[in-house]
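Model the full assembly from the supplied sequences, consistent with the hints where possible.
Protein chains in written order, with the numbering used here: chain A, 69 to 317; chain B, 69 to 317; chain C, 69 to 317; chain D, 69 to 317; chain E, 69 to 317; chain F, 69 to 317.
Take the hints with a grain of salt, since some may be wrong.
The list treats identical chains as one, so a pair stands whether inside a single copy or across any two.
[What the hints assert, rightly or not] Computed list of lysine-lysine pairs in DSS-like fashion (alpha-carbon distance at most 30 Å, straight line):
1) Lys251 - Lys171
2) Lys121 - Lys171
3) Lys171 - Lys200
4) Lys297 - Lys171
5) Lys200 - Lys121
6) Lys121 - Lys251
7) Lys208 - Lys171
These aren't lab readings, by the way, just hints derived from the structure by calculation.
All values derive from a computational prediction rather than experimental measurement.
6 protein chains.
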Amino acid sequence: MLLHLSTWAEVGQFLERSRAIVVPIGSNEQHGPTGLLGTDWLCPQIIAYEAEKTADILVAPTFNIGMAQHHLGFPGTISLRPSTFIAAIGDWTRSLVAHGFEKILFLNGHGGNVASIEAAFSEIYAEASFAKRRAGFALKLCNWWDLDGVGELANQQFPTGHGIHATPSEIAITQWAFPDAIKPADYTPQIAPSGPIRDALDFRARYPDGRMGSDPGQASPEKGGELVKLAAQSLVLQLDAFSRESVPN
Amino acid sequence: MLLHLSTWAEVGQFLERSRAIVVPIGSNEQHGPTGLLGTDWLCPQIIAYEAEKTADILVAPTFNIGMAQHHLGFPGTISLRPSTFIAAIGDWTRSLVAHGFEKILFLNGHGGNVASIEAAFSEIYAEASFAKRRAGFALKLCNWWDLDGVGELANQQFPTGHGIHATPSEIAITQWAFPDAIKPADYTPQIAPSGPIRDALDFRARYPDGRMGSDPGQASPEKGGELVKLAAQSLVLQLDAFSRESVPN
Amino acid sequence: MLLHLSTWAEVGQFLERSRAIVVPIGSNEQHGPTGLLGTDWLCPQIIAYEAEKTADILVAPTFNIGMAQHHLGFPGTISLRPSTFIAAIGDWTRSLVAHGFEKILFLNGHGGNVASIEAAFSEIYAEASFAKRRAGFALKLCNWWDLDGVGELANQQFPTGHGIHATPSEIAITQWAFPDAIKPADYTPQIAPSGPIRDALDFRARYPDGRMGSDPGQASPEKGGELVKLAAQSLVLQLDAFSRESVPN
Amino acid sequence: MLLHLSTWAEVGQFLERSRAIVVPIGSNEQHGPTGLLGTDWLCPQIIAYEAEKTADILVAPTFNIGMAQHHLGFPGTISLRPSTFIAAIGDWTRSLVAHGFEKILFLNGHGGNVASIEAAFSEIYAEASFAKRRAGFALKLCNWWDLDGVGELANQQFPTGHGIHATPSEIAITQWAFPDAIKPADYTPQIAPSGPIRDALDFRARYPDGRMGSDPGQASPEKGGELVKLAAQSLVLQLDAFSRESVPN
Amino acid sequence: MLLHLSTWAEVGQFLERSRAIVVPIGSNEQHGPTGLLGTDWLCPQIIAYEAEKTADILVAPTFNIGMAQHHLGFPGTISLRPSTFIAAIGDWTRSLVAHGFEKILFLNGHGGNVASIEAAFSEIYAEASFAKRRAGFALKLCNWWDLDGVGELANQQFPTGHGIHATPSEIAITQWAFPDAIKPADYTPQIAPSGPIRDALDFRARYPDGRMGSDPGQASPEKGGELVKLAAQSLVLQLDAFSRESVPN
Amino acid sequence: MLLHLSTWAEVGQFLERSRAIVVPIGSNEQHGPTGLLGTDWLCPQIIAYEAEKTADILVAPTFNIGMAQHHLGFPGTISLRPSTFIAAIGDWTRSLVAHGFEKILFLNGHGGNVASIEAAFSEIYAEASFAKRRAGFALKLCNWWDLDGVGELANQQFPTGHGIHATPSEIAITQWAFPDAIKPADYTPQIAPSGPIRDALDFRARYPDGRMGSDPGQASPEKGGELVKLAAQSLVLQLDAFSRESVPN
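Here's what the structure looks like:
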């Protein structure tokens with residue numbers, strides 16, 4: 069069930085059978101010479117929508133702009149500062165909690181979001197903690213590549229040149245979902261360099277075409293489809309376990 | 069050209085021929101007994117994507133969560149506080165300006181966003197104004213129902229019962245785009261009441277099914293399609309005029 | 069009853085007979101070659117003080133600095149950023165609500181304030197909305213030129229050249245109240261140009277003497293007095309209706 | 069010269085002969101059984117306006133709401149939180165500095181404002197200090213009771229029972245300026261108690277009628293007039309010295 | 069009892085016999101040609117640790133970075149902006165209050181902190197004041213040089229050249245505690261100049277070696293030891309009185 | 069060289085030979101039945117001070133309060149919210165950068181700090197990235213247990229029951245440094261449970277004595293000394309490599 073294609077009454081009925089919701093969250097940022105700017109929010113959206121076809125889960129709208137300050141040297145990147153990102157995640161969460169959601173799983177598509185999302189969770193929990201009251205809800209961050217079995221499959225598909233930005237696995241997923249948007253390229257070097265992440269101009273100087281450690285040339289729609297299917301199955305299981313998790317008194 | 073399905077290099081090339089971009093912006097909030105929760109961000113997205121098919125314009129990802137605090141009494145609504153919304157619009161804008169965009173048109177789908185978006189514009193301009201330097205870019209807010217001819221068409225289609233929330237025109241647009249998500253309903257009363265907008269529980273008490281002044285039962289996919297076609301044409305013209313507008317020295 | 073010339077005990081007694089209060093709110097900003105910098109906060113103050121002479125209403129101190137970033141290119145303008153303005157309106161409101169005021173009418177004198185004031189209202193209501201509790205108070209924004217009959221009178225007085233900034237109607241009101249501060253001028257052109265409002269230097273380049281679309285040369289103290297008398301009467305009626313308005317359960 | 073009764077061009081001309089400005093700043097808060105709620109912003113305004121009659125100085129609009137959280141237990145008090153107050157003082161200052169003012173003297177009427185005003189000054193200076201550039205302007209806080217000779221006169225007038233809140237000196241000043249608003253009272257006890265200042269309900273429990281250590285019954289319009297005349301003279305001298313003060317390179 | 073060398077259970081037991089705690093608070097900033105950068109946080113820490121040896125008091129970790137923007141022209145100074153400082157003091161306080169502490173004494177070592185600490189107290193109290201509830205705790209700011217008898221002793225020790233920054237009394241205290249870190253110097257002039265405090269570069273231009281009005285050459289470890297002993301005794305008495313202070317209902 | 073025991077001139081001289089500095093950073097929070105509340109800021113301080121004895125490095129004052137909202141259910145814990153923590157790290161960094169430091173290594177002692185510290189780094193870098201200028205400095209986060217060889221040594225020392233909070237390795241380090249503060253205990257169970265980290269009351273319900281997965285009973289001062297010596301050596305090497313790292317143009 070996609071929240072944005074539902075009515076408020078339908079969401080009210082869903083809440084009578086489950087208190088859990090998935091929020092796809094990512095980033096809109098450069099992904100090398102061939103990767104789509106939307107890759108990091110499209111991947112979790114694609115996986116969540118696929119999962120929703122097979123199970124009675126509720127998927128929120130996609131949180132599509134994240135923390136990508138280091139990519140601002142490349143046209144098309146849109147970033148929130150961590151402080152803005154934390155405030156926005158807080159408002160999303162407080163909205164959902166106001167309706168009675170108790171288990172909110174953020175399915176993340178961007179490694180650069182992890183620190184800010186976790187900081188946001190702490191910021192939200194702290195309201196209850198300072199007041200010495202129970203929060204009454206639980207937040208979980210789950211990167212799609214950490215879903216059960218997905219990392220293993222990606223390693224099999226791409227034993228070398230997976231890297232950490234503009235990876236063949238994320239490129240493959242968007243190729244599967246948007247075959248008309250596949251872009252051809254020669255990569256020089258075939259596997260991009262690695263190193264630290266700092267400010268945007270430093271990043272562009274170190275990684276001239278935007279890739280970090282990856283060879284996206286290995287991506288294919290087929291491999292992307294395999295990843296999506298497996299990730300969707302794992303997401304359903306993970307969400308189910310999370311929704312059934314009890315909380316100590 | 070959809071930014072999220074483009075590469076950074078493609079956006080860089082676009083910037084050589086135009087400095088203008090459209091950002092669909094809306095809200096995810098209850099829309100009465102039959103309206104989709106995503107109505108207010110889907111409408112500008114649908115119109116912008118339609119426009120993009122016929123003209124060389126660039127469409128940013130959709131800013132899908134806006135200022136909807138008064139709808140929080142209905143499940144599925146997600147709202148930013150105005151302060152968060154202003155901060156986020158600021159970061160989107162600063163990101164786009166960093167790449168060289170000089171004309172940013174926010175195509176808005178939610179009346180409740182207008183005040184916060186305009187406040188955000190002032191907040192951003194104020195950085196230049198306090199520093200006594202030129203901003204170097206221009207921001208424009210355009211509600212889709214204010215695009216040339218669109219209000220007139222809606223008045224023809226729905227001479228009574230258009231109202232101001234969960235209107236037949238916005239419902240019609242989503243029906244055209246998502247025919248599988250059309251929901252049947254009896255409306256009681258046929259035309260919903262009107263009145264002030266305050267906090268969420270006050271809103272729910274005044275407008276029990278979520279509509280304000282509207283009769284969405286008049287909506288049809290065909291009327292929606294007419295609205296989308298006209299709005300898309302007007303958007304292209306509006307954006308073209310905006311992009312060619314010169315700035316005084 | 070002017071709050072600032074009353075004691076706390078007198079305000080306590082007032083609260084036993086009414087829960088409503090008027091807050092004049094405006095801006096301190098350039099008003100063309102002859103307009104007073106205080107015009108936008110003086111006008112609502114003048115009207116509210118006039119109303120207070122004839123009815124048992126309570127008038128708060130004047131909120132005299134508003135959102136005027138676009139006028140910062142002209143000496144004497146003082147502006148808050150929207151974020152500061154929103155925070156300050158919030159603190160004023162929370163103070164008054166703490167005393168038991170339930171109906172707070174902001175009588176506004178500056179069009180540029182509208183978006184930020186409305187955003188402030190949403191920010192304040194959102195505290196209750198996120199917490200799923202009733203706010204227990206209502207906020208109303210009323211521009212003095214929108215008071216019943218006032219716009220019509222201004223149209224009669226100034227059928228052409230009213231414009232939107234440094235208008236003859238607001239100049240007339242200050243002429244009536246401060247006849248010693250009337251400034252003579254030749255206006256070139258007689259009616260100022262119109263156009264968009266952006267950052268401060270853009271504004272000054274477009275509107276070199278500060279006026280927008282107006283011919284303040286038509287103002288006179290007599291016309292100002294007529295406007296004040298009518299606006300004061302309408303304010304009393306408007307406030308009375310607001311104070312008697314019931315709230316749904 | 070009162071800024072709010074001047075035009076932007078007049079302020080521009082003033083800036084050619086002086087870079088100094090006075091900002092009356094105070095608070096709107098309970099002042100015991102007879103004191104006016106506006107006492108703390110009226111006193112500096114009265115003194116500054118008196119000074120302006122005799123010297124070519126420029127007086128800004130009055131900053132009338134300050135830090136009065138501890139008085140919120142009494143009806144009519146309006147307070148900013150320190151964080152809001154600091155932000156607002158920052159925006160006032162940045163506005164004035166943008167026009168070329170280099171010496172800004174805040175003439176303060178409320179002891180409870182002192183810490184927040186000084187913190188605001190540091191917040192503003194810090195922008196330059198972190199950036200290792202000269203600020204280029206100087207800010208001065210001057211309580212009216214600390215103006216040369218004023219404390220001595222008040223001590224002569226009120227050798228006992230002056231206290232620190234709702235003092236006979238400030239009551240006398242408002243009696244001189246607003247003789248129609250003089251309120252009669254019996255004070256029990258004649259001299260109010262003293263002690264610490266904490267939250268609002270603690271304050272009201274300690275100081276039931278709002279006074280701290282004072283006997284306002286000794287106030288008279290005549291004594292108020294003497295204080296105003298002397299304070300106005302001292303203000304002109306103080307401002308003149310400040311405006312001529314040179315800054316090291 | 070030093071909190072940082074205790075377990076949570078030991079703190080829990082302490083709370084059964086006392087609800088009071090001391091927080092040493094200072095600044096890390098230049099202290100002239102011979103003073104240690106840590107002087108202002110070391111002094112209250114030294115005094116509090118000395119007091120803790122003789123009485124059953126609880127000493128929190130030292131808040132070692134304060135408001136020192138004006139010293140940023142000298143290497144090694146670390147400063148918070150007032151807004152950050154206020155937020156941090158708020159979080160420290162809310163943490164301690166959550167555990168049941170009701171009397172929190174900040175033993176301060178830096179004059180430049182006073183305004184921001186008092187503003188922080190008001191910010192914290194305001195939460196209760198706006199909500200019309202009792203705060204339930206009391207905050208006290210105590211500069212170590214204002215402890216009973218300490219100012220008198222310093223005056224005896226240093227009848228001239230005490231000054232206000234890099235004073236011989238604070239230098240003496242650090243000499244007593246850190247004899248290995250005593251630095252020799254010629255002072256030119258022997259007594260440093262005095263004047264206003266503004267931004268960092270202005271400060272450095274006025275006070276080239278960092279001192280204000282002081283002659284630290286008079287400091288000695290012995291004098292420092294005398295100050296510490298007396299201050300520690302006075303602190304114990306002051307804390308005891310504060311902890312036994314009752315609060316009105 | 070310890071910054072707080074140095075003069076500004078000594079720091080100025082250090083900057084002529086190195087642009088690198090170490091900031092010990094941790095948290096003050098419960099550490100199980102026997103661990104010191106200061107454990108997480110004492111450990112990096114102990115290691116950095118040990119390193120400083122053997123190499124010409126500069127150690128800043130310890131940032132002793134971090135993000136520990138989940139431990140607020142246990143007396144003595146003091147926590148910053150992530151937003152406050154991020155602001156404070158920003159001010160520390162901007163202060164150090166203003167003096168010319170270009171490589172700032174935060175030696176961290178608390179896993180719960182990691183997300184907020186990384187978010188803080190992004191917040192700081194973003195200022196440069198949005199402005200399209202080079203930051204000119206680099207920030208590095210280094211947990212002491214991740215220093216070369218340290219994790220391996222801890223695994224040898226504590227092959228089972230190391231856990232993730234109140235670990236025997238951190239307890240051992242404080243035992244070595246503060247042998248007088250070693251606390252005896254029986255642990256029940258010997259190895260504490262593991263699980264998720266959420267709000268404070270949830271944490272206390274899951275982990276009743278505060279430990280997570282650890283058996284601190286295996287700690288000894290000797291093992292702590294071994295860890296400190298190795299960590300200090302690795303820190304010197306790590307800092308040296310960081311300080312010599314060149315930055316791309």
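Hint by hint, here is what the structure shows:
1. For the homomeric pair lysine 251 and lysine 171, the shortest alpha-carbon distance between copies (28 Å) is at most 30 Å, but the shortest distance inside one copy (38 Å) is not.
2. In this homomeric assembly, lysine 121 and lysine 171 come within 30 Å of each other (Cα to Cα) only inside a single copy, at 20 Å, whereas the closest approach across copies is 40 Å.
3. Within a single copy, lysine 171 and lysine 200 get their C-alpha atoms as close as 20 Å, and across copies as close as 19 Å, so both meet the 30 Å cut-off.
4. Proximity of lysine 297 and lysine 171 under a CA criterion of 30 Å is satisfied intra-copy only: 23 Å inside one chain copy versus 41 Å between copies.
5. Taking CA atoms no more than 30 Å apart as the test, lysine 200 paired with lysine 121 passes in neither setting, with 41 Å inside one copy and 33 Å between copies.
6. For the identical chains of this complex, lysine 121 and lysine 251 are neighbours both inside a copy (28 Å) and across copies (19 Å), given an alpha-carbon limit of 30 Å.
7. In this assembly of identical chains, the alpha carbons of lysine 208 and lysine 171 lie at most 30 Å apart only when taken from the same copy (8 Å versus 34 Å across copies).
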